[in-house]
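Using the sequences and the accompanying hints, generate a full structural model.
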Amino acid sequence: DLLLDAFAITHRTRPGTRLVIAGPDETGQRDALAERLLPLGDAVSWRGPVDAEQRHLLLSAAAVFVMCSDAESFGLTVAEAMAAAVPVVVTRTCPWAIVEERGAGRWVDQRADAIAEAMYAVVGHPELGASMGAHGRHLVEDEYSWPSVAARLDAVYEEVAIDGRSH
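If you read the sequence shown in this note's numbering, its first letter stands for residue 2, the second for the next number, and so on.
If you're looking for bench data, these hints aren't it; they were derived computationally from the structure.
Here a beta-carbon is modelled for each residue, glycine too, at the ideal position from N, C-alpha and C.
Worth double-checking, as some hints may not be accurate.
Distance ranges between label pairs, derived from CB positions [said to hold, decoys possible]:
| id | residue 1 | residue 2 | range |
| --- | --- | --- | --- |
| 1 | Leu154 | Val21 | 31 to 39 Å |
| 2 | Gly49 | Gly165 | 13 to 21 Å |
| 3 | Asp43 | Ala162 | 54 to 62 Å |
| 4 | Ala44 | Asp71 | 23 to 31 Å |
| 5 | Ala84 | Leu5 | 21 to 29 Å |
| 6 | Ala84 | Arg13 | 25 to 33 Å |
| 7 | Ser61 | Leu5 | 52 to 60 Å |
| 8 | Pro148 | Ala33 | 41 to 49 Å |
| 9 | His126 | Gly165 | 49 to 57 Å |
| 10 | Leu154 | Pro16 | 44 to 52 Å |
| 11 | His57 | Asp114 | 28 to 36 Å |
| 12 | Gln30 | Ala62 | 38 to 46 Å |
| 13 | Ile99 | Leu58 | 24 to 32 Å |
Put into structure tokens, the structure is as follows:
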């Protein structure tokens, strides 16, 4: 509902924008929002569950990825979007401050106007979006790739082993 409100604001300013909602509708949001979708017509596409190939195609066509969850502990989809060099807009209810710190997107208040403003900034300035996408890809490589995670885990094991020997 919040993303739909934010998109409606953005769509009024940039009528050519499109919103694609992908993923399972686990809580019946599609039916609950059906009436609010009507004024937006074909500007909103609700895809439902997607497989890896479809996800790749959707991300490769995306100008921005938005997550405005009420209770997201990590949000793997944010990392997937950044790995695909897609700039992200994430609300502060999600633990993604690093997105803004590293220039990969915007970390905004959980309000439709804040989300819309961030989406507009990215969509309205393709060079900014491209830069954010590149920063996001580097962020994922630096922080979340298997080699970087393994190196950090190895360092922790090494520290524990050294501390264990010194006692």
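Hint check:
no.	hint	in the structure
1	Leu154 to Val21: 31 to 39 Å	holds, 36 Å
2	Gly49 to Gly165: 13 to 21 Å	violated, 51 Å
3	Asp43 to Ala162: 54 to 62 Å	holds, 60 Å
4	Ala44 to Asp71: 23 to 31 Å	holds, 24 Å
5	Ala84 to Leu5: 21 to 29 Å	holds, 26 Å
6	Ala84 to Arg13: 25 to 33 Å	holds, 31 Å
7	Ser61 to Leu5: 52 to 60 Å	violated, 24 Å
8	Pro148 to Ala33: 41 to 49 Å	holds, 43 Å
9	His126 to Gly165: 49 to 57 Å	holds, 52 Å
10	Leu154 to Pro16: 44 to 52 Å	holds, 48 Å
11	His57 to Asp114: 28 to 36 Å	holds, 32 Å
12	Gln30 to Ala62: 38 to 46 Å	violated, 23 Å
13	Ile99 to Leu58: 24 to 32 Å	holds, 27 Å
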